[in-house]
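Colleague: Here is what each chain is made of, one letter per residue.
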Amino acid sequence: MTKKIIVALLALLLVAMAAVAGAEPVQLTFAFDQGVGEPTLKLLEQFNATHENIQVNSYVLPQDANNLHDDFVNKMIAGDTSIDVMALDVVYISEFASAGWLAELDETFPADVLANYIPGTIAAGQWDGKLYAMPWFTNASMFFYRTDLLEEAGVTEVPTTYEGWIEVYEKLEGKVDYAFSYQGSSSEAMVCSWCEFVWNEGGEILDAEGKPALNTEAVIAATDRMASYIGKYAPEGTTTYAETESQQVFQEGKALTCRTWSGTWNIFNNEAESSVAGKVGATNLPVAAEGMTPHACLGGLSVCINKAISDEQKAAALEFITWLTSEETEKTMTLLSAQPPAVSAVYSDAEVLEAVPFYTEFFPIISNGKGRPASPYYAELSDAIQRNVHQALTGALPAADALNNAQVEVSAF
Amino acid sequence: MGHGRKREGVAVPQVYSDFLICECDMHRGRKGLPDDDIIKWRNAAMKKSRGETSQLLRREARAAWIMMAPALIVLGVVAVYPVLRTFWISLHEMNLKRPQSGFPFIGLANYAKILTDVRAQQDILFTFKFTIATVLLETLLGFATALVINQSFRGRGIARAAILIPWAIPTSVSSMMWKFIYNDQYGLFNDILMKIGLIDGYKAWLTSDPFLCLVITDVWKTFPYMALLILAGLQMLPLELYESAMLDGAGVIKRFRYITLPLVKRTVLVAMLFRTLDAFRVFDLISVMTSGSVGTESIAIYAQKQMMSFLNFGYGSALAVLIFAVVLSISLIYMKFIGGDMLPSD
Amino acid sequence: MKKAKKTVQTVAFYAVLAVFVVIIMLPFAWQFLTSIKPLNEISAMPAIWIPSEINVQFYINIFTRHPFARYMLNSAIVAVSATLISLIVGASAAYALARMRFRFRKQLMMFILCISMFPTIATLSPIYLLLRNLKLLNTYAGLVLPYIVFALPTSIWLLTNFFAQLPKGFEEAASIDGANWADIFFRIMLPLIGPAIFSVGLLVFINCWNEYLYALSFMTDPNMRTVPVGIALLPSNYQLPWGDISAASVVATVPLIVLVLIFQKKIVAGLTTGGIKE
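Protein chains in written order, with the working numbering: chain A, 1 to 413; chain B, 414 to 759; chain C, 760 to 1037.
There may be inaccurate statements among the hints.
Stated by the list, open to error - These stretches of chain C come out as covered by chain A in the derived footprint (C-beta under 8 Å, 3 or more residues):
(1) 796-803
(2) 875-888
(3) 979-991
Said to hold, decoys possible - Just some of the chain C residues that point at chain A, by a computed CB distance under 7 Å:
(4) 994
(5) 995
(6) 996
(7) 999
Simulated from the structure, these hints should not be mistaken for lab results. Even for Gly, the Cβ is constructed at its ideal location relative to N, Cα and C.
Let the sequences and hints guide you as you build the complete structure.
Modeller: Pasting the structure below:
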């Protein structure tokens, strides 16, 4: 009887899927997330149809940035070669590069090629003076607002400061529940939103030497501002919101404004989902005082090559990412996905402008955008910000104390 | 049934062997087993053969190892390596972001670091709090539920299926669902509490009462596990015991106290043990609902952060081993209560 | 008088039971209602309970725009194999531990338990390496194997406990009669703990059906994805398709409910209703 059990067990172990048969063209695997799943699959079809020597297969992961990061980490630790090219969130590039997992790209992409891209997106792909990732597409947050409410309040000029928006809100005398809707939960979304509060208060997260300085006057003032609006001008639940929840408040017509990623434009204006469709405008994030330059937080994905793969694979991978990040492909991607491209020229392309008219206003926003600090220790920094700033936002600690704690933590690495 | 023997009035072992005999009698004439065999076994059981030869014992031991072999092989192949590897890594300075360090062996330095890491200590404390609260509530609720659905009543099948639903929904989905339920704008929790007049305004529950939210969600999600296992334990109780107790005039409470409780005690403890192991390693639920903010970071979340986010595998592994050590101690305490009578004497 | 009291008791019993079941079911009911709501009612504030019309689009979506039929097949194959194997392997080990005499039993029980003591995340990367070396990534066996491992401690402990509860002397009598261990095990002991086997099996099945992390990491081929990973693959940038997610989790949960309804008779059929069954 025991024998039978063992036999059955072995039989089950042998139910293995057929291995992928090696074919003539070089087989590449490109890993990306479902966030841009459908448009990317279309792009790959195009690439495979026009390139006989290379066949690119897709490996799609859930959209959650942590899932993707952790899956890559597991494969990289194992020295895995099952992935050749990966689309990585910009904040993780330094980390992967410092771990020695990414191939250098400087030879293939010289300075004159890089000049075509929005500078911030290139900087995000560099670590220790070398290029490890090419920008695929970028992203920036925008400040969405209700055009109809502005009209109702009799305001003709779109406000540029926090105070200006609060004034509009007060003029509306309860016609809308909240002036602001942003992200304040302990999450990466909050880190982005918080960075913007800091920058638009005139503050910086890193000092002149590139070391985190989290307890400076401007940072404290910005955190105070972000916290003080919660429960008064922003929903009490802001401390539990990531993007989706804050967007929901705006979509249901409960907030005058909403800070979120530019691509949300389409959803806000889709009548099936949004009760404010057609009444939505987008502008720069507000600043603390008139005349300051507003900065939005940049995001996006860059493509990089697994260092562990063979030279033959690497050559094919380079050919693929050259194609993927070319102006022409970026334009196609923009038309397919409404993801903001990394190549500057695409923003002024007539065909693109026809499809996405707000890119005229969006280009300056993205050009003034800032990246989150690029450092192998970004994860630790983000974690310290998330936990400590969240304490300030919930009122558990005064902003100054919370930020002093954060500073102590980040000084340790 | 070591404890049963001492309980006043109810002679468990006696009833058990009576029960065995009556079981044999009940099955006489049923298909599958010839009558003669049953009678032979019955007689043999009554005699309770003792004093086997050592050869017989050896044969028994050999058969036992054969029966355990598949399980031990699978566990040995798949589970032992990860465990040993984690131990080994925990003795190294291994931050993947610093490959130039060469990942040197540093002995117990990672463990020494835990002693000065306030965050790890707070996390352990929180995890204990969470484990105790959820396991106790789940056990009480699960036991009560099992007692109810063990009764025979119309609609019992539906009730049983309904009660298992929370356990059946994938954790990732149910945590997300509960996050929506606690939302301050459109959450059901606010809607319902408001309608029944318990609160007079919507609240952001996940920051105002995060512990309560997590405990409610976890209890909701896992009490069915307890209920189902305790129900299985109840089903194993011989009906004859209750009948004779009833003949003796024992009431509901007495029957529960002296029959049900001692006999399902071990099942409940084993179920509690596994719930404790799970609760102490809680990860998904907290990561989706609060991501560890407002003082709700569990030690498993911290270990995961050290490993996967900070790529500090050395320290992360030490935290994993710490979880292992704590859970092992808890298990040893449980073992004391479960007692040796689960296993036959050597 | 007595009859009236009994009626009151029955009514009270059902009332309490009904309230309890409603509370337990509420989140699932909400999810079900969400899955059949028109898009614009899903996130309405205040909440809309009863949809104005029934919308089946989300169900169509998950089967046409996403390969949920395939995901369910994969989940079913993996969960059924893992459950059956871990029950057989687990029950035989549990039987030996509970009812046979040999040395190191307690140590073995503890060793088996230790497997359940590590945070999952610490096991992920080594198991990935192992499966890759065994060439088991993207195979059903590659997922079944770790599932068995993590189902075994629970199954063995619970079944050991249930075997130990059975009256003593049963198999001694049978073995004197010449029946071998396998006969005693399969023909007598296993049926006797039937309700426990079904309960443990159900728990193992549900755990395997809902497992996410291993399924995500070890099954990278889109054709080999399981249901929980499929659900995680639904959200795209900027948007949480709550309707699709609700429909998918209803679809993922219904087979389990059906399973419970089928097996619940087995769960209660045990010693109380008559012992040895064929």
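Colleague: Failing hints, ascending?
Modeller: Hint check: nothing fails, all pass.
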